[in-house]
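Student: Line by line, the protein sequences are chains A and B. According to my numbering, the residues represented by the first sequence are 1 to 196, in order. According to my numbering, the residues represented by the second sequence are 197 to 276, in order.
The hints are simulated quantities; they were obtained by calculation from the structure and are not laboratory data. Note that the structure is predicted; figures quoted are calculated from it, not measured. One or more of the hints may lead you astray.
Stated by the list, open to error - Distance windows between CB atoms, simulated:
(1) B:Ala273 - A:Leu158: 45 to 51 Å
(2) B:Thr232 - A:Gly160: 21 to 27 Å
(3) B:Glu251 - A:Asn135: 29 to 35 Å
(4) A:Lys69 - B:Trp236: 18 to 24 Å
(5) A:Arg45 - B:Leu233: 17 to 23 Å
(6) B:Ala273 - A:Leu171: 56 to 62 Å
(7) B:Trp269 - A:Asp24: 40 to 46 Å
Every residue, glycine too, gets a C-beta built ideally from N, C-alpha and C.
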Amino acid sequence: MTPSPNGPAAAHRRPALRPAEAGDEIPLWRQHFPLDHEEDLRRSRREFMKLLALVSGGFSLGSVGLVVKAAVAKVNHRAALPTMEIAGAADLKPGESLGFTMPDDVPALLVKTAEGQLAAYDRRCTHLSCPVLWNSAEHRIQCPCHKGAFDPATGEVLFGPPQRGLTHVTLETHAGKTFATGYETRKGMERRHDST
Amino acid sequence: MTPPRPATPQSVRRTRSPGEGIVGVTRTLFAVALVTLQMWLLQIGMEDLLSGHTEVLWPLAAMSLVCFAFTVWLFRASKA
C-alpha cells in the first residue's frame with residue numbers, strides 16, 4: 001500500500017462527491033452504495049403501500065382475534081355461574097351504589113335508584129371497557145374515560161361514545177338478601193325490539 | 197455534453213408514463229380508505245364483543261379480511 005502524501009489521517013478522509021464526468025471510473029464503494037443521502041431518505045409510494053398492507057394485516061388479525069375471543073368466552077360461559085350473595089346490598093339507601101365482583105371475576109356495580117329499585121350491571125363500559133362509576137350527584141352511571149353516561153334504572157346509554165347499554169346482572173331477592181345469578185345477554189337488543 | 201448518469205433503481209423509479217402517477221395516487225388513496233375502514237370495523241367489533249353482540253363479529257372479520265386482500269392486491273399492483 002502506498003503511503004498517503006498528506007499523512008495517515010488523509011487516507012481515511014471521505015472522497016469529495018461530485019457529478020460523474022466522461023471517463024470517470026465509478027469507485028467500488030460507489031458501486032456498492034449507489035444511494036445518495038437524499039435518495040436514501042426518500043420513501044416511494046410502493047413502500048408506503050407496503051406499510052399500509054402490513055397495517056391492514058394487523059387489523060385483520062385483530063378482527064379474527066375478536067371472533068376467537070368471543071368463541072372462547074362462549075365456551076367458558078356455558079357452565080352456569082353459581083349464585084352469589086351480594087353482601088351489604090340490604091344496607092343500600094336510594095341513590096347509593098355498591099361495587100362487587102361476580103364469581104367469574106367480572107367487576108359489577110349494584111345501584112339502588114331513587115325509586116328504591118335495585119339494578120346491577122357489568123361494570124365494564126361498552127365503549128372501551130373502562131370501569132364505570134356511580135355519580136350520585138347527577139344520579140347516573142358514568143364512564144370516567146370518555147364521559148359516557150348510562151341510565152341507572154335500565155342501563156341504556158344517555159350520552160357519550162358508547163353505542164350500547166351496559167350488560168345486566170340478574171338479581172334475585174330471598175329473605176331480604178340479594179343474590180346475583182348471572183348475566184342478561186343482548187339486553188340492549190331486546191329493549192330495542194320492545195320499544196319498536 | 198454531459199453523459200447520462202449510470203442507471204440506478206432510483207433513476208429508473210422516476211421514469212413514469214404520464215397516466216401512471218394519477219393511477220398510483222388513486223390506488224394509494226383507496227388503500228388508505230380501506231385501512232381506515234378496517235380500523236373502524238375493529239372498533240365496532242370491540243364494542244360488539246363487550247356488549248355481548250357476538251353474532252356480528254364473523255361478518256366484521258370477513259369484511260376486514262376482504263379489505264386486507266384488496267389492500268394486498270393494490271400493493272402488488274403498484275409499480276416498483
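Student: So, for every hint listed, does it hold in this structure?
Tutor: Hint-by-hint comparison with the structure:
no. : hint                            : in the structure
1   : B:Ala273 - A:Leu158: 45 to 51 Å : holds, 48 Å
2   : B:Thr232 - A:Gly160: 21 to 27 Å : holds, 23 Å
3   : B:Glu251 - A:Asn135: 29 to 35 Å : holds, 32 Å
4   : A:Lys69 - B:Trp236: 18 to 24 Å  : holds, 19 Å
5   : A:Arg45 - B:Leu233: 17 to 23 Å  : holds, 20 Å
6   : B:Ala273 - A:Leu171: 56 to 62 Å : holds, 58 Å
7   : B:Trp269 - A:Asp24: 40 to 46 Å  : holds, 44 Å
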